[in-house]
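Enquirer: Following the hints, position chain A against chain W.
Quick note, the sequences are listed as chains W and A, same order.
Following the numbering used here, the numbering of the first sequence begins with 77 at its first residue and continues without gaps.
Following the numbering used here, the numbering of the second sequence begins with 374 at its first residue and continues without gaps.
Quick caveat, the hints were computed from the structure, so don't treat them as lab data.
Hints are all accurate, no fakes.
Derived lysine to any residue pairs resembling SDA-like cross-links, with alpha carbons at most 25 angstroms apart: (1) A:K488 - W:P199; (2) W:K159 - A:D407; (3) W:K159 - A:E476; (4) W:K163 - A:E484; (5) A:K488 - W:I211; (6) A:K488 - W:Q174; (7) A:K475 - W:L169; (8) A:K475 - W:S215; (9) A:K443 - W:H131; (10) W:K159 - A:I400; (11) W:K159 - A:F396; (12) W:K163 - A:E476; (13) A:K488 - A:A474; (14) W:K157 - A:E476; (15) W:K159 - A:F402; (16) A:K483 - W:E170; (17) W:K163 - A:K483; (18) W:K230 - A:F450; (19) W:K163 - A:D481; (20) A:K443 - W:L184; (21) A:K483 - W:F167; (22) A:K483 - W:S172; (23) A:K483 - W:D200; (24) W:K202 - A:E487; (25) A:K483 - W:L219; (26) W:K202 - A:H470; (27) W:K163 - A:R404; (28) W:K157 - A:D407; (29) W:K157 - A:S477; (30) A:K483 - W:T180.
Since this is a predicted model, take the numbers as computed values, not measurements.
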Amino acid sequence: MAVQVLINLFIGFLWMFFQDDWSYISFFSGYLLGLAILFVFHRFISTKYYLFTIHAIVQLILIFIYELFTSSILVIGKTVKPKINIKPGIFALETSLQGDAEVTMLSLLITLTPGSVVVEVSPDNKVLYIHAMDIPELSDAVLRSKTKFEKAIKRVTRQ
Amino acid sequence: MNGSNPIELSIAVVILMGTIFGFLGSIGFIRLPDVYNRAHALAKSSTLGVLFVLVGTFLFFLFEGYFSIKLFLGIFFVFLTSPVSTHLICRSAHHSHVELAKESVRDDLKEALEKDTKKNTNIAGRLME
Chain W
77 MAVQVLINLF IGFLWMFFQD DWSYISFFSG YLLGLAILFV FHRFISTKYY
127 LFTIHAIVQL ILIFIYELFT SSILVIGKTV KPKINIKPGI FALETSLQGD
177 AEVTMLSLLI TLTPGSVVVE VSPDNKVLYI HAMDIPELSD AVLRSKTKFE
227 KAIKRVTRQ
Chain A
374 MNGSNPIELS IAVVILMGTI FGFLGSIGFI RLPDVYNRAH ALAKSSTLGV
424 LFVLVGTFLF FLFEGYFSIK LFLGIFFVFL TSPVSTHLIC RSAHHSHVEL
474 AKESVRDDLK EALEKDTKKN TNIAGRLME
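The shape of chain W in the complex, shown without the other chains:
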């Protein structure tokens, strides 16, 4: 992806210099042209077209914001009740993601959503141990959001 962005910037600058017009508009039109050129030629660089990656990142952020709000409402509902009725606990969650970057991203996202904290990752990166505030309700929610996150992360990192 980084290579593609660099090439695209290069095409943008090149276009600007060809026009002999040092302005944002000519650079921007060159950048758009570069996007089109890269779309045609990206399979020679043998990676995914980088706009698709950016689209996947935006989708991941949107999914994350949605999960943030739904689980916050759950947790706030638990904390402000006059009698706190929670069953906290640590449960194991297997993940199909591989590699440090993917597992780190997943555990960051799970920790950021309220009501669940990744306490430990097993040495072989396969199992996450998650402390949830209310096991009966939240473990299902965490499982659901985990599958969503996994899908979105794979779309970002895999070819």
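Expert: Same frame as chain W, but now just chain A:
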């Protein structure tokens, strides 16, 4: 800033929501039983509360005619650092054998760690022989 302008009023509502989330986080911090649950409450207030307050501030300066990318950097870095610190606090608490609250229903990590140490002692015992 006055309340008659609808844009400024909605910005004020956004910032107020941020402070309410922070407040609820502190309530949770006091009321919840153990370290792990309190970490939840604090993580929540520092993600949603900071998100709302900074987005509100960003919108305010946007309508003043000043685009501040610094505020988004603030959100980004809080979202990057807060889960790491929460994770480290919980992890070190669990490793130094802080008990879970008595309401807790299960602890898979403890079992896994015990199994691990048993395996290790077995290996150590075999090595001793």
